[in-house]
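As given, the protein sequences belong to chains D and A, one line each in that order. Mapping of the first sequence onto this note's numbering: residues 1 to 409, in sequence order. Mapping of the second sequence onto this note's numbering: residues 410 to 554, in sequence order.
Keep in mind that a hint or two might mislead.
Stated by the list, open to error - Computed from the model, here is a short list of chain D residues facing chain A with C-beta under 8 angstroms:
1) D346
2) A353
3) M369
4) A376
For the record, the hints were derived by calculation from the structure and aren't laboratory data. The C-beta atom is built at its ideal place from N, Cα and C for all residues, glycine as well.
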Amino acid sequence: MNFTEIRKQFPILDQEVNGHPLVYLDSSATSQKPVQVIEAIEKYYREINSNVHRGVHTLGTRATDAYEGAREKVRKFINAKSTQEVIFTRGTTTSLNTVAASYAAANVTEGDEIVITYMEHHSNIIPWQQVARRTGAQLKYIPLQADGTLSLDDVRATITANTKIVSVMQVSNVLGVINPVKEIAQIAHENGAIMVVDGAQSAPHMKIDVQDLDCDFLAFSGHKMCGPTGIGVLYGKKQLLEKMEPIEFGGEMIDFVELYESTWKELPWKFEAGTPIIAGAIGLGAAIDFLNEVGLDKIAEHEHRLAAYALEKMSTVPGMTIYGPLDAAKRAGLVTFNISDVHPHDVATVLDAEGIAVRAGHHCAQPLMRWLKATATARASFYLYNSEDDIDKLVEGLVKTKEYFSDVF
Amino acid sequence: MSSNLDALYRRVIMDHYKKPRNRGVLEDGSHTINMNNPTCGDRIQLTFKVENGVVEDAKFEGEGCSISMSSASMMTQAIKGKNVEDALKLSKIFSDMIQGKDFDDDIDLGDIEALQGVSKFPARIKCATLAWKAMEKGLKEDEQE
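Start from the sequences and build out the full structure, keeping to the hints where you can.
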């Protein structure tokens, strides 16, 4: 499939918004869904909808097979050793909160340290703030270089023998930088800490091998990788998950229930209380099939090319500030920017009138915004269905925006 | 650019954005209200001086888009010299107008009327209402006391 053909698989892109063909440049917020995913969810509800792990009846078995089949697809996708290490959650936020509420609560005490970075998304900050507040542990931030990248020297200087948890995003949703999580995991392990990787912005765009990274936990969301909303994944090493207590209790996750005591099912189900997100998991499985068919390497290459093209073209817009490294090789397919004297909300509104969807705001990264000395920024993010043509339209729209705000008033 | 956008970015709005009225902090104010819009990062600090039930002076500081800052500028201009009851009444009219509801048009809204176009841009309504919510919060605290 070439990328023109790929675009045709996304029915939502074939429409006009405000009288212009839609140019969707907000995939870092959520990606669009190919027809294969939409049809997989529809097929589930039309043909096999049943609760899983319960019924003796045929549909129950089919639903269970499809749900557990999706788990195997996820396992392969991230190269986990076993499906016991793949837990379905509501998304990255729930996955990270599960590690904080279960692993951290049992393993972090006063005087310990939790290490994150200045570029983290709120979902990889606040759960750790809560752990620190409850346990008396210290939350530490790895500083950023001038171009927004991390230096391994700073990583080494921040992580100490008291560090219990290191949690870092693999790709920044604002700066676009790709962090060296494999090297950071090694430094964490040398100091006796575990390594958590927030893969929300990396899983959709690059091949992840949890065994190669040697991370202890990996969190990501389905909806940013062509899957539906409401489904995400927590990968964890089996030996850690086995020792962890569930954080939700009820149906589906139990083995024996006595009057005053109960025992839990084996992994991964002890972490999946209640009727799971069956259609969501099946949809995510279909998204993984789709991404594999295109090829993660090809997707990453395509996005690198778009990022390089965007950096070059956007730099020509008068008054443009681009955040993060200007070297396309150091970044993923998104560009965060501001235009002088035009607030990003106004940029987004003017672009929207041209049918161009970009994000404006603090991108759920307020500490990073303060580091950038910006209250808000605009962001254009690219995925496999975007093309150079979309970027040309964006740049055209940005030039118009600048002119509109300078000339008319 | 589309005429649709011109309905939003009226000249008088841009004038208030580029040359905000009553920007700053009142050193001898009776009220200080901080408010932000957590979804986008806009923030405002409003200080005003109320004496004998009349808003004698008002100033604002903050960061935000053209709509939120021009609205703050217009709001401070409008409430200066008004008694608390009339200021709150104006806030109600503004709120109705910005949400595209029928509003009491007996009162001359002056510059504020230029913000009516925001009602056609649902994503921007919260930008326009931030300063007004801060004002209401400050004045309603008074009523409760």
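Hints violated by the structure (numbers, ascending): none
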